[in-house]
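Participant: Line by line, the protein sequences are chains F and A. So the first sequence is numbered by the numbering used here: it starts at 1 and just counts up by one. So the second sequence is numbered by the numbering used here: it starts at 239 and just counts up by one.
Watch out, some of these pointers could steer you wrong.
[As the list claims (entries may be wrong)] Computed list of chain F residues with no C-beta within reach of chain A, every gap over 10 Å:
#, residue
1, 56
2, 67
3, 71
4, 72
5, 101
6, 120
7, 127
8, 178
9, 197
10, 207
11, 230
12, 231
[As the list claims (entries may be wrong)] If you want the footprint, here are the derived chain F segments under chain A, 3+ residues with CB under 8 Å:
#, segment
13, 73-81
14, 107-119
[What the hints assert, rightly or not] Distance windows between CB atoms, simulated:
#, chain 1, residue 1, chain 2, residue 2, range
15, F, 146, A, 368, 36 to 44 Å
16, A, 447, F, 49, 35 to 43 Å
17, F, 118, A, 472, 42 to 50 Å
18, F, 57, A, 248, 50 to 58 Å
19, A, 368, F, 231, 40 to 48 Å
20, A, 282, F, 59, 38 to 46 Å
21, A, 472, F, 238, 34 to 42 Å
22, F, 49, A, 386, 37 to 45 Å
23, F, 25, A, 447, 27 to 35 Å
24, F, 25, A, 389, 55 to 63 Å
25, F, 123, A, 386, 22 to 30 Å
Rather than coming from a laboratory, the hints here were simulated on the basis of the structure. Idealized CB from N, CA, C, for every residue including glycine.
Protein chains: 2
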Amino acid sequence: AGWQVQDNAPTVQGVVEQALGRLLKTTLRVTASGRTDAGVHALGQVANFRTTGRVPLRGFVHGLNGLLPRDVAVRAAAEVPAEFDSRRSAVHKTYRYFLYRSPTPSAFGRRTSWRLSRPLDLAAMRAGAGHLVGTHDFSAFRSAGCDAPHAVREIHELAMVERGEYLEVEVRGNAFLRNMVRIIVGTLVEIGEGRRAPESVVGLLAEGDRTRAGATAPPQGLFLAEVCYDTPVLEAYP
Amino acid sequence: AGWQVQDNAPTVQGVVEQALGRLLKTTLRVTASGRTDAGVHALGQVANFRTTGRVPLRGFVHGLNGLLPRDVAVRAAAEVPAEFDSRRSAVHKTYRYFLYRSPTPSAFGRRTSWRLSRPLDLAAMRAGAGHLVGTHDFSAFRSAGCDAPHAVREIHELAMVERGEYLEVEVRGNAFLRNMVRIIVGTLVEIGEGRRAPESVVGLLAEGDRTRAGATAPPQGLFLAEVCYDTPVLEAYP
């Protein structure tokens, strides 16, 4: 049910805190770089916690993986300066959204991509994407439930990479609003299918009206790929 | 439980024949290019059947996909000459085996790859693979249960392709013995980990002793990728 801990549903934060609690024999909270919604995946989520426990880094990695369900894995552990905060210290984040272009379903990837039956006009999608790169008010690209104080964000890169039947939409930016990547992808797909002009993005940014942007793309195609920091790492495993 | 129909376990052949039966309101058998074992995947399995029913090709594709469980999908349908036989008419087949090279597990791909913690010496693996290309008696590379009358097969290509943390072993050949690809991969991995010399493959081919080849690689990394025919296709969808 997504990252954030909930009372009545299993969440990534919940199972990680439970495993850490068993490993360290205490209760603690972990802070992530951001909350992923239910159905969204992460290849490179970063979470931090403070402990006075003396478990070595390799013990955290292998110990937690032994306690976690198999659809949650710890890839690495690092000791960082005390002031490090997974969310506030992040310099930029990269998301990847997988579009599967095929008139017929596949037995693979149905939980990790959004299948589109109609062909996509990549040149039009790239033209639309070009208008989104840079610093803008992304009010039209945030969900109603977004509680960020303002909607100005910077997108450093918005690339479309073809890999066979898959089209990867890769977005790198300084920070993201709630559902921002999924609404961007939904809008670019409408452009790719010829249901919206690439230039319509300019008006969306200027007017900030969520109801005029594209539909929110389904969660299962979205991956939090990488979070970057310039904090020095004191020690890391592996 | 693999391709071949069984009484007490769900199989791919079983669910396909059941769906076809519902669509055509009759009982029939389908013939595949080969049986995949339990846990092995297929991206391009080909199966044929005879019918006098008048369902259009697009009706087979979408009708079957509506009736099949979501982990089995029909990618395309084609009408072929009456003498076509998925197994006997095959000119060559391509298998792909996915090795995931990482000291830590991933939440993704655990059902579609074999994870190896130790680094692999690719040059040694390629040297070992080179000895397998061509026409040989592959007796050392068939499982005890293999009932083929002889073990001479031709491997056209045996390539190792790096894709980030993944290493794909791609094997193309005229036909394959039972577990042949998995035993080849198991042997190449032992070479890559330095537990066996690349030249040992020459002796394995000459002596034909299964017990001296590598362990059978686990099924979940193996994909039947493509089966090629030179039969003319009368009509196809999509």
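Participant: Now, for every hint given, state plainly whether the structure supports it.
Facilitator: Here's how the hints hold up against the structure:
no. : hint                       : in the structure
1   : 56                         : holds (15 Å)
2   : 67                         : holds (13 Å)
3   : 71                         : violated (5 Å)
4   : 72                         : violated (6 Å)
5   : 101                        : holds (12 Å)
6   : 120                        : holds (16 Å)
7   : 127                        : holds (28 Å)
8   : 178                        : holds (23 Å)
9   : 197                        : holds (28 Å)
10  : 207                        : holds (39 Å)
11  : 230                        : holds (24 Å)
12  : 231                        : holds (21 Å)
13  : 73-81                      : holds (count 4)
14  : 107-119                    : holds (count 4)
15  : F:146 to A:368: 36 to 44 Å : violated (57 Å)
16  : A:447 to F:49: 35 to 43 Å  : violated (54 Å)
17  : F:118 to A:472: 42 to 50 Å : violated (27 Å)
18  : F:57 to A:248: 50 to 58 Å  : violated (43 Å)
19  : A:368 to F:231: 40 to 48 Å : holds (47 Å)
20  : A:282 to F:59: 38 to 46 Å  : holds (44 Å)
21  : A:472 to F:238: 34 to 42 Å : violated (55 Å)
22  : F:49 to A:386: 37 to 45 Å  : violated (57 Å)
23  : F:25 to A:447: 27 to 35 Å  : violated (53 Å)
24  : F:25 to A:389: 55 to 63 Å  : holds (57 Å)
25  : F:123 to A:386: 22 to 30 Å : violated (51 Å)
When the structure is compared with the earlier hints, violations turn up for hints 3, 4, 15, 16, 17, 18, 21, 22, 23 and 25 and for no others.
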